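K.L.:
Read off the chains here:
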Amino acid sequence: MSAMLELLQLAPVQRGFAATLLAGAGLPLAGVWMLGLNLIPLRFAMMHVALLGVALGTLLGMDPLLCGLLLCALCGAALAPLASHPQGLAGPLGLLMTLSIALALLVLAVAGVNATRAFELLWGSVLATQAADLMVLAIVVALLAAFQWRFHPSLKLMLHDRELALCSGVPVAALTVGLLVLMSVAVAASIKLTGALLVDAVTLLPALAARNLARSFNGILAWAAGLGAGGALIGFILTLWLDQPPGPVLILTMTIITLTSYIVRREP
Amino acid sequence: MPVQMNPARLEVSALTCRFGGRTVVANVSLRIAPGERVALVGGNGSGKTTLLRALLGLHAQSLGDLRLDGKAPGNWIEWRQRIAFVPQRQNGGQFPLRVDELIASARKGANPSQLAAAAQAAGVETILQRPLSGLSGGQLQRAWLARTFACIAAGAGLLLADEPTAALDFAGRAEIGALLVNTPVTALIVTHDRELAERCDRIIEIADGQLREQTA
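Keeping their order, the protein sequence lines are chains U and X. Residue numbers for the first sequence follow the numbering used here, so the first one is 2 and each next one is one higher. Residue numbers for the second sequence follow the numbering used here, so the first one is 77 and each next one is one higher.
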């Protein structure tokens, strides 16, 4: 215990702790939106788009994370017109994922950059969080929360049923653009913490668990934030205590919480 | 019951709707006078639901001229505010929605007393806090009916209902049917319920994408 407390005195550990809590409490909102819009494959596509952004940033000598965020935001907005298509976004997302990874490899080859450096993002670490990363994360979480707060009644209807929202005067097309941009940016922002392969730990898993436990939309939002923050806190403490990599420990913790929610789920 | 009456005139000219490469509504024209109730009948897949969705701007592959009180749908959001819609599939949500939230969706900033009156008229005032997914078929129909009343109270002049009595028992069909046809509004009701159809002022049959008037 004393060793753990000593670790908590270190600045990188403190930044990691803050980032984990912030992501755990704030980013599950993006997971709730993904579930509501049936856009679970979005995160796979955006992980690859973020990688392309990192590759472009490396090529152009710009901040790789910022390039990843911007490219994800642009791709999210570009997908919006296709969201109302009867066949949904599954096809375009698959195409985007394949295209992004191909372009990322090409850009890295053209830039003469060792691809391993870019692929390090796939196994990111919360303990490597810098002050600037923390700031970016705080801004993204604030944007997500502000969007939900501003459009709460409309989003409640839209995430229940798109056509009910359309018949109720909700500007569904405009809100879809906002949601896609913010979800895409949230995925990009969480990559640095958990690694691209483990983004679900702070986005989708808390949302899935919340949907199992809540009986109302407001309840889902509260449970998702609470379980996300609680899981992140427990995962971070276990990481320090067990001296193991944070990404896998974090996602294992959230997986156990989510599995438990399936066992104790409430019927309507 | 709704406190405000504002029945609209619906005019549809040369409406064509395609679905999956097939024309399901072919160059259809229809006029419904203010306050008139029209039943739309036809076999499965004949285009009844597609026609209703086209009137709401929910069917993308539609072409034709629509008018409500002489005005075309320049802005679909405003157009839909003048229509109360009861869909066929009523409980397909990803997330839970309560009965009171469904009724309140009728209009942004709706008057709470109008919402309460709508709930009471449809007989759902005791289940307002229940999620839609936990309701029986009959309760769900009533919840949507309450939303319809709230829409009409807020100024909607046209009711579009897609098989509104499909999930009900005989007594429920008679009761809900009576409430629907006595609602002081213009109505186009898709139904397989012969009794409900015969309570309307006119019956129109749709087959092979064409409308054919029947004697009520």
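Mixed in with the good hints there might be a few duds.
[Said to hold, decoys possible] Which chain X residues stay away from chain U? Per the calculated CB distances, all over 10 Å, these:
no., residue
1, Ala102
2, Lys147
3, Gln157
4, Glu177
5, Pro207
6, Arg249
7, Pro260
8, Arg270
9, Arg275
10, Glu289
[To be verified] Computed beta-carbon distance windows for the label pairs:
no., chain 1, residue 1, chain 2, residue 2, range
11, U, Tyr263, X, Glu289, 52 to 60 Å
12, X, Asn151, U, Gln10, 21 to 29 Å
13, U, Met136, X, Gln137, 56 to 64 Å
14, U, Leu67, X, Gln286, 55 to 63 Å
15, X, Gly213, U, Ala146, 37 to 45 Å
16, X, Arg143, U, Gly89, 29 to 37 Å
17, U, Ser217, X, Ala136, 29 to 37 Å
18, X, Asn120, U, Pro246, 44 to 52 Å
19, X, Ala109, U, Val265, 53 to 61 Å
Since the hints were derived computationally from the structure, they do not count as laboratory data. If you're wondering where the values come from, they're calculated on a predicted model, not measured in any experiment. For each residue, glycine too, the CB sits at the ideal point set by N, CA and C.
K.L.:
Each of the hints needs a verdict: does it hold here or not?
P.N.:
Going through the hints against the structure:
1. Ala102: Since the minimum Cβ distance to chain U is about 21 Å, Ala102/X lies beyond 10 Å and the statement holds.
2. Lys147: Lys147/X is indeed farther than 10 Å from all Cβ atoms of chain U, at 17 Å.
3. Gln157: At about 5 Å from chain U, Gln157/X fails to clear the 10 Å cut-off, so the statement is violated.
4. Glu177: violated, 7 Å
5. Pro207: violated, 5 Å
6. Arg249: holds, 24 Å
7. Pro260: holds, 21 Å
8. Arg270: Since the minimum Cβ distance to chain U is about 28 Å, Arg270/X lies beyond 10 Å and the statement holds.
9. Arg275: Nearest chain U Cβ is 25 Å from Arg275/X, so the label holds.
10. Glu289: holds, 28 Å
11. Tyr263/U <-> Glu289/X: 52 to 60 Å: Holds, at about 54 Å.
12. Asn151/X <-> Gln10/U: 21 to 29 Å: violated, 60 Å
13. Met136/U <-> Gln137/X: 56 to 64 Å: The hinted range 56 to 64 Å is violated for Met136/U and Gln137/X, with Cβ atoms some 47 Å apart.
14. Leu67/U <-> Gln286/X: 55 to 63 Å: holds, 59 Å
15. Gly213/X <-> Ala146/U: 37 to 45 Å: holds, 38 Å
16. Arg143/X <-> Gly89/U: 29 to 37 Å: At 33 Å between Cβs, range holds.
17. Ser217/U <-> Ala136/X: 29 to 37 Å: holds, 32 Å
18. Asn120/X <-> Pro246/U: 44 to 52 Å: Cβ of Asn120/X to Cβ of Pro246/U: about 57 Å, so the range 44 to 52 Å is violated.
19. Ala109/X <-> Val265/U: 53 to 61 Å: For Ala109/X and Val265/U the Cβ distance comes to about 57 Å; the hint holds.
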